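Please build the complex by placing chain B on the supplied structure of chain A, with the hints as guidance.
Chain by chain, the residues:
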Amino acid sequence: MSAFTSGLSLDQGMLASELTYEELWVAVLTLGGELAELEVEAYVLDVLTPGVYEHNIIAQALNEVSMSRGNDHPVAYRYH
Amino acid sequence: MSSVEWSRLLRGSSDTDPMDRLRQAMRLGHDVAPGLIAGCSITELDGTKYSTQASSDQLAVSLDEAQYEAGRGPCMTAARDHQIHHLEDLRAAGQFEHFNSAAIEVGVLSSLSLPLEGTYRPAALNFYATSPGVFVNRRSRRIAALLARVIAARMLQSDSGSRGARPLSTEAQKKAELIHRAQVRLAIEHGSPEQAFTAMAIRSREEVRSIFDIARDLLAPGPVSS
Numbered sequence: 001m002s003a004f005t006s007g008l009s010l011d012q013g014m015l016a017s018e019l020t021y022e023e024l025w026v027a028v029l030t031l032g033g034e035l036a037e038l039e040v041e042a043y044v045l046d047v048l049t050p051g052v053y054e055h056n057i058i059a060q061a062l063n064e065v066s067m068s069r070g071n072d073h074p075v076a077y078r079y080h
Numbered sequence: 001m002s003s004v005e006w007s008r009l010l011r012g013s014s015d016t017d018p019m020d021r022l023r024q025a026m027r028l029g030h031d032v033a034p035g036l037i038a039g040c041s042i043t044e045l046d047g048t049k050y051s052t053q054a055s056s057d058q059l060a061v062s063l064d065e066a067q068y069e070a071g072r073g074p075c076m077t078a079a080r081d082h083q084i085h086h087l088e089d090l091r092a093a094g095q096f097e098h099f100n101s102a103a104i105e106v107g108v109l110s111s112l113s114l115p116l117e118g119t120y121r122p123a124a125l126n127f128y129a130t131s132p133g134v135f136v137n138r139r140s141r142r143i144a145a146l147l148a149r150v151i152a153a154r155m156l157q158s159d160s161g162s163r164g165a166r167p168l169s170t171e172a173q174k175k176a177e178l179i180h181r182a183q184v185r186l187a188i189e190h191g192s193p194e195q196a197f198t199a200m201a202i203r204s205r206e207e208v209r210s211i212f213d214i215a216r217d218l219l220a221p222g223p224v225s226s
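Keeping their order, the protein sequence lines are chains A and B.
Mapped onto my numbering, the consecutive letters of the first sequence carry residue numbers 1 to 80.
Mapped onto my numbering, the consecutive letters of the second sequence carry residue numbers 1 to 226.
If we strip away everything but chain B, and leave its shape as in the complex, we get:
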């Protein structure tokens, strides 16, 4: 896994060139199923015209273009209809014969296309794999879905769900403040608020109690000496 690359993409600043971000995201496509991804790409629909906005390599571009030329294919369906399109084994008869033939010819045997939600134009993220059934794997599909969400957010240059955007109820905010106060109190003993959190979490496990109860105890006034 390319943890550093994921970190850059997730935390990338808004002044990074959008195309650089998409190219960076395409490199991460290989993490969906290491050693089995032949290529990945982003298809975008502008009016009635489909085009590939970014790709990991020429193979992915050629498979996208095979679909545009035929006027149908999984990447187009995913972008236009906002539907996940998974082709488990391209050797089996399917609805996209032209695409299946083009893919098999270059050694691609399965594909997954995911709609990119919330983008300005309809778009899809496509993965092409060298073995059948690659995207049946739950973990592969979840990583693909994460990458699609990150790309959609980056295409919008938004910071959706960002640090600081706190959709918390008043009660939840009070709980967060309680934990924060307890962390600050314990930090003197444990070195930092983060280490204090770990100490409270482990105490919560040892005592089989909620960490909020642990925090309340820590902040309760001690016995008054006479």
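The shape of chain A in the complex, shown without the other chains:
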């Protein structure tokens, strides 16, 4: 069973960020991710089930954007 910290889902975080999917993809690559752009979109929409790493790297990308705007970490991380 998955365990999450409290916070927004990837989809909710994506909406709050107002990023385009391409911008999110580049943010994921900047964190060292190797996902395809369409894969990132599919994970955010939850049509593709992300593993722990995939979830957390997208969450981190969204949270880095949030921090750059002076906010905290709104998107939840997944422990396992």
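Because the hints were derived from the structure by calculation, they are not lab data.
All values reported here derive from a predicted model rather than from experimental measurement.
Honestly, I wouldn't trust all of these hints.
Stated by the list, open to error - Derived lysine to any residue pairs resembling SDA-like cross-links, with alpha carbons at most 25 Å apart: (1) K174(B) - R69(A); (2) K174(B) - L156(B); (3) K49(B) - L59(B); (4) K174(B) - S66(A); (5) K49(B) - G118(B); (6) K49(B) - P122(B); (7) K174(B) - G32(A); (8) K49(B) - L36(B); (9) K49(B) - D81(B); (10) K174(B) - S6(A); (11) K174(B) - Y53(A); (12) K174(B) - E54(A); (13) K174(B) - T49(A); (14) K174(B) - G7(A); (15) K49(B) - H86(B); (16) K174(B) - A3(A); (17) K49(B) - G35(B); (18) K174(B) - G70(A); (19) K49(B) - E97(B); (20) K49(B) - R80(B); (21) K174(B) - V26(A); (22) K174(B) - E34(A); (23) K49(B) - I84(B); (24) K174(B) - L8(A); (25) K49(B) - R91(B); (26) K174(B) - S192(B); (27) K49(B) - R121(B); (28) K174(B) - G118(B); (29) K49(B) - P34(B); (30) K49(B) - S62(B); (31) K174(B) - D11(A); (32) K174(B) - F4(A); (33) K174(B) - L45(A); (34) K49(B) - E5(B); (35) K174(B) - L19(A); (36) K174(B) - P122(B); (37) K49(B) - D31(B).
Chain B alone, transformed into the frame defined by chain A:
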């Protein structure tokens, strides 16, 4: 949701039969609004002739053909003019009377046609739904748009936005390398680079700091013992 099917379509190898891929994509059309999609199809324009390249079932084909016969319809407009065409309630008077009548007759009450961008010939992805207003739902429209992009990429047999295609600035590449080095360093303690990333992400949250700062700290030389 058919996560396995989406995965196959997204990561499908280039030697898969293109028609198999399109048939696979048509099955995923039902994920746009589970229980409410009557059918989906791909319309293509070759010269002046429209045809259905793939479909989920005969109902979708018959609704496409009703439009080709009438010489007008949302799927044709979407393919030809590269415009999204959303008909929220087919019972309301509209510009495609022939299509509306054909659709209502088979229990279809709303439709969404999305242009497939970048394909060799003008094309559109069509969804037909059994209730009005199905495609007003934001999530449904976003999944439909994703499927359209995946299909367009697969029709081109391209790997658009693929793994390894890194449109990164020099600064972004340096940041990615920084995270990678920190992951490798932490992997000894956490078991794998992926688990190391999660540890850094959670530390970033706990300390309300950027993960790049966390990585820099981890890689900084420790105090020199005398």
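Can you name, in rising order, the numbers of the hints this structure does not satisfy? 2, 8, 10, 13, 14, 16, 17, 24, 25, 28, 29, 31, 32, 33, 34, 36, 37
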